[in-house]
Amino acid sequence: MSDAPVVAVRDAAVALDGRPILRGIDLTITQGEVVAVLGANGSGKSTLVRTMLGLVPTVRGEVMLFGTPLRRFRQWRRVGFVPQRSSATAGVPATVWEVVAAGRLSRRPFLRPLRRADRTAINDALGAVGLAGRAKDGCSTLSGGQQQRVLIARALAGEPDLFVLDEPTAGVDLQSQQAFADALGLLVGRGATIVLVAHELGPMAPLIGRTVVMRDGRVAYDGPPIATEHEPEHHHGFHHPDLQRGPADHLPVVASPLDRPSREEHR
Amino acid sequence: MSILDYDFMVRALLAAVFTGLAAPAVGTYLVQRRLALMGDGIGHVAVTGVALGLLTGTSPTITAVLVATVGAVVIEVIRERGRTSGDVALALMFYGGIAGGVMLIGLAGQTTANLHAYLFGSILAISDTDVWVTLALATVVVVVAIGLAPQLFAVAQDQEFAQVAGLRVSVYNIMVAVMAAVTVTVAMRTVGLLLVSALMVVPVATSQQLTRGFRTTLLLAMGLGTAASIGGVVTSFYLPVAPGATIVLIALGGFLAAWPVGLIMRRRQRLSTPFVPWAGQAEHTVVPEEHAHEHGDDCGHTAVEHGDHIDYVHDGHRHAPHGSHYDEH
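Line order of the protein sequences matches chains A and B.
My numbering applies: residue 3 is where the first sequence begins, and numbers increase by one.
My numbering applies: residue 43 is where the second sequence begins, and numbers increase by one.
Excised from the complex, chain A in its bound form (with noise of 0.2 Å):
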């Protein structure tokens, strides 16, 4: 495998219909890493990982992965994408397996039927989110968490070496939730990079090596994940300086669900 890193974002800024949402968005994420990428609605923070897959189109700076400059990057195999979407239907029915046979699309030769090797892949991925009974069930018999679950295998059967997720667990009831954490810990265990864009962390928690909180289009924080309950009192106020500049900034101060909710009265 080469050296380079899985995702580099150098000088990166987004515009949408002429509106900028993202600047000078330097970012550097190598093999192995697990991100999560946090910040108030309308920080930026989908907006940033889809940039990272080219969903999105950049004004100026670059996206390379692995190395490669998104406009001639091809590897999409290497790839697994879970969108931000509560829903895994579509106006025609379809099966929990036939969405997640479309992950192993990247994978598949052209106009050639699925393989037995794609077939074990799509069969673990569903039981890597505790879904392997429901193979044949139609998708819109799930429950909401159970069909982001199912959205989650697809991008598992890919097998991919990074992993994106935007908002994964939102509204997912919590034993969704924890069966999708295990799933999660199984790629850390296979050396994935993993992605993750959330509001919550939940069960996922101990997995995060890294979290990037986005503020106002522009990442206000990187570093090892920041505050949680068990951490001494007074490791607080020193932990992030940028995060705690208080009220001046416009948006709420929601840098980190994270973050105890009263920073100021602890300083």
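Please keep in mind that the hints were generated in silico from the structure rather than gathered at the bench.
Just so you know, not all the hints are guaranteed correct.
Derived Cβ-Cβ restraints for the label pairs, each shown as a range [claimed, not checked]:
#	chain 1	residue 1	chain 2	residue 2	range
1	A	L176	B	L252	33 to 39 Å
2	A	G211	B	H335	55 to 61 Å
3	A	N43	B	R123	25 to 31 Å
4	B	E347	A	G225	43 to 49 Å
5	A	R62	B	T171	54 to 60 Å
6	B	Q152	A	A15	56 to 62 Å
None of the values given here were measured: they were computed from a predicted structure.
Using N, Cα and C, we set each Cβ at its ideal position, and we do this for glycine too.
Given chain A, put chain B in place with the hints provided.
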């Protein structure tokens, strides 16, 4: 004398079978992307194409294919760029297509009555050449719709995922639009431009009442479309009815028959959906009333999975067996 001894009936049946296979195949992808009315939009645009053919003295089928394809691609592009205004794009096409057609017919010095055969179909009057064109185009559409099913399915299901999987999303979108345009023009001779969309959408709607998967929906819709087409043509041989309208009415009849079945299946499915177990410690509430019977497989109450046990739905409550009594869940 058998119905197949008439050449015009053989031609009509051949055209019907191939249209019946192709229209629902494309229709499935349109319905999947919630563009069920796209066939109608293209059909309206094709009216302009037919009028253009009549005006210039070329084959109306060829001009219709060309104009319909341009129209379909324009609809697709507007939909992709404008994001939310897909329905508005369709509406604009509807009106522009019909108005353009009527105006061109007037310019050609003909009356709109000449459009009749194209608006409502004239499958019994179909020529040898038209049958061959229908067969060829329909075959291409069916081969693409089935051969590229995994890709087309992925793109229609989740565009962003498909893009990250390395698929050229816009190419596939345009491909579906062109297939739809070709199908509309092919079916123009069978059911007519105003009813084309019915043959694309109704078999799919019927099919998905009974199926859970995409593949089965697609194949069953193609079967239903073919059955309706053959049924309509055969009926019109024995009865004084228009084949195009009969095909559509048979397809609709199929939907009316399948709908209650689907309704019952969905209701049963919903009732037996497992209750989501609560992670915390539940309060232990014993059901106060005495039970005349023991809940079990044949007690008549709906049994629903709930974590590691079964709940029985009981007059709006959920009773869970707990040792010698029942708990309220």
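Do the hints match the structure? See the list:
no.	hint	result
1	A/L176 <-> B/L252: 33 to 39 Å	35 Å, holds
2	A/G211 <-> B/H335: 55 to 61 Å	57 Å, holds
3	A/N43 <-> B/R123: 25 to 31 Å	26 Å, holds
4	B/E347 <-> A/G225: 43 to 49 Å	44 Å, holds
5	A/R62 <-> B/T171: 54 to 60 Å	57 Å, holds
6	B/Q152 <-> A/A15: 56 to 62 Å	59 Å, holds
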